[in-house]
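Q: One letter stands for each residue in the lines below.
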Amino acid sequence: MTPQNILLIPKIERGIVIDHIPAGLGIPVMALIGRWPELEDAVITLGLNYKSTRMGRKDMIKLQAEPLPPRLLQMLALVCAGVTIKRIDRFEVVEKVVVQVPELFDNLARCINPNCITNAEPHVATRFKRLESGSKHFKCAHCERVCSLDELAGHLKA
Amino acid sequence: MKKDLISIDDLGLEQILDYLDLAARVEALPNAEKAGLLPGKILATLFFEPSTRTRLSFESAMCRLGGRVIGFSESANSSTAKGESFSDTIRTVEQYADVIAVRHPKEGTARLAAEIAGIPILNAGDGANQHPTQTLLDLYTLRKFFGKVDGLKIALVGDLKYSRTIHSLCRALLAFDGVAMTLVSPESLRLPGYLTKAAAGTTATFRESESLADALRDSDVVYMTRIQKERFPDLVEYEKVKDCYRLEAKMLEGAPARLKVLHPLPRLNEISPDVDATQHAGYFEQARNGVIMRQALILDLLDKRNDI
Ligand SMILES: [Zn+2]
Chain A
47 MTPQNILLIP
57 KIERGIVIDH
67 IPAGLGIPVM
77 ALIGRWPELE
87 DAVITLGLNY
97 KSTRMGRKDM
107 IKLQAEPLPP
117 RLLQMLALVC
127 AGVTIKRIDR
137 FEVVEKVVVQ
147 VPELFDNLAR
157 CINPNCITNA
167 EPHVATRFKR
177 LESGSKHFKC
187 AHCERVCSLD
197 ELAGHLKA
Chain B
-8 MKKDLISIDD
2 LGLEQILDYL
12 DLAARVEALP
22 NAEKAGLLPG
32 KILATLFFEP
42 STRTRLSFES
52 AMCRLGGRVI
62 GFSESANSST
72 AKGESFSDTI
82 RTVEQYADVI
92 AVRHPKEGTA
102 RLAAEIAGIP
112 ILNAGDGANQ
122 HPTQTLLDLY
132 TLRKFFGKVD
142 GLKIALVGDL
152 KYSRTIHSLC
162 RALLAFDGVA
172 MTLVSPESLR
182 LPGYLTKAAA
192 GTTATFRESE
202 SLADALRDSD
212 VVYMTRIQKE
222 RFPDLVEYEK
232 VKDCYRLEAK
242 MLEGAPARLK
252 VLHPLPRLNE
262 ISPDVDATQH
272 AGYFEQARNG
282 VIMRQALILD
292 LLDKRNDI
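As given, the protein sequences belong to chains A and B, one line each in that order. The working numbering numbers the first residue of the first sequence as 47 and each following residue consecutively. The working numbering numbers the first residue of the second sequence as -8 and each following residue consecutively.
By construction, these hints were calculated from the structure, which means they are not laboratory data. Each hint should be verified, as a subset may be incorrect.
[Said to hold, decoys possible] Chain B stretches covered by chain A per the calculated footprint, using a threshold of three residues with CB under 8 Å from any CB of chain A: (1) 75 to 82; (2) 100 to 107; (3) 163 to 170.
Keep in mind that this is a model prediction, so the values were computed, not measured. The C-beta atom is built at its ideal place from N, Cα and C for all residues, glycine as well.
I would like the entire structure built from these sequences, with the hints used as guidance.
A: Written out as structure tokens, the structure is:
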């Protein structure tokens, strides 16, 4: 982290840092975090448009809370795979994980096909399976429509 | 574990060939023996949209195996009016039957039914997605006429853009060896690019042809489909092309003797009735094969294949 960035983002003693969020996705990710009542009381710092040698510009979120709910982590994999999750204890990074695109999204998104039965019967759990390893495309297990990661990210379930 | 048939994409070549073999064994059985195979078994045909031909084919298949049939066929509007969820209908009907054939205007319904029900589900068509029994009966028909599917020269004619039957058949044919497909369609109803791209890395080939007459000269099979008026935004365009894709007996005069004409039926104008009397008409036999293939599938799903 550049010395300039250290000045701009206060260090936290304990909690979670979501780093390397592509610039512009910081606010959508904040909105996502806002869905979890258990994170309601957490102190959160949102930073936008930091300089990054790797990404050019990036967003970053620091939460003084832990751990992240598992479903939130799964949704992050859908919305912004590639982000780094760091666990902080006594101002030190004690664990660091890069969020990967999984092979299966289990009931996280609605199907983009309006004529898919899962949209008519929303209690049905959706499943989207990766076409092949490395692909950014997923197939609805029900209607077999192929959806891109971006399309699914735009159709997150409640 | 219970078996279902939901999507042709779930089947590998080996399983497809196995179903073709099973159908051949079913066909070879004497009627009297067939009629004793499924006493006391019930097939439920749940048709949430009408498709008389497919429903009757399933029902005939079951009746001729000595089983019984219950079911319904809804008009396009009444199923939603009733208000019961699809899931509830499946959960209820599985109490009444041993196997369910389901057709529904929404995609993904057959897969959902298979997840919910403890009894086997046969997909009889889910919206624009899959109709696997049609594909299997088409492959069975090809093998019956020619003794094999590998290496056949097949012309696909008409609406190649929207025809679920064509898409599904195409995908299945890619798994065989060296099938040569000639695509004959109006400009606006061409085969989707993802299908021609899927041929890369397989031994199948595609070529496009403007002319039906040209395709007739050098094919083993001509697979005709309906060209539907409502697919054309411009009716002038429809009037221009509709007769180019109509097959008449006199066009078949120079065709090779082996040539067979297939069609999923019902036909409208795309095959003239005078073709019926020629040696090339294969579509009614194709319909007959539908019953045989569905019998094979019902027997397999009910774990009765070893009884024949
Ligand atoms: Zn779907």
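Q: State for each hint whether it applies.
A: Hint check results:
For the stretch 75 to 82 of chain B, the stated coverage by chain A holds: 3 residues have a C-beta nearer than 8 Å to a C-beta of that chain, and at least 3 were required. With 3 residues carrying a beta carbon less than 8 Å from a beta carbon of chain A, the stretch 100 to 107 of chain B meets the three-residue requirement, and the given coverage holds. For the stretch 163 to 170 of chain B, the stated coverage by chain A is not satisfied: 0 residues place a CB nearer than 8 Å to a CB of that chain, which falls below the threshold of 3.
When held up to the earlier numbered hints, the structure conflicts with hint 3 and nothing else.
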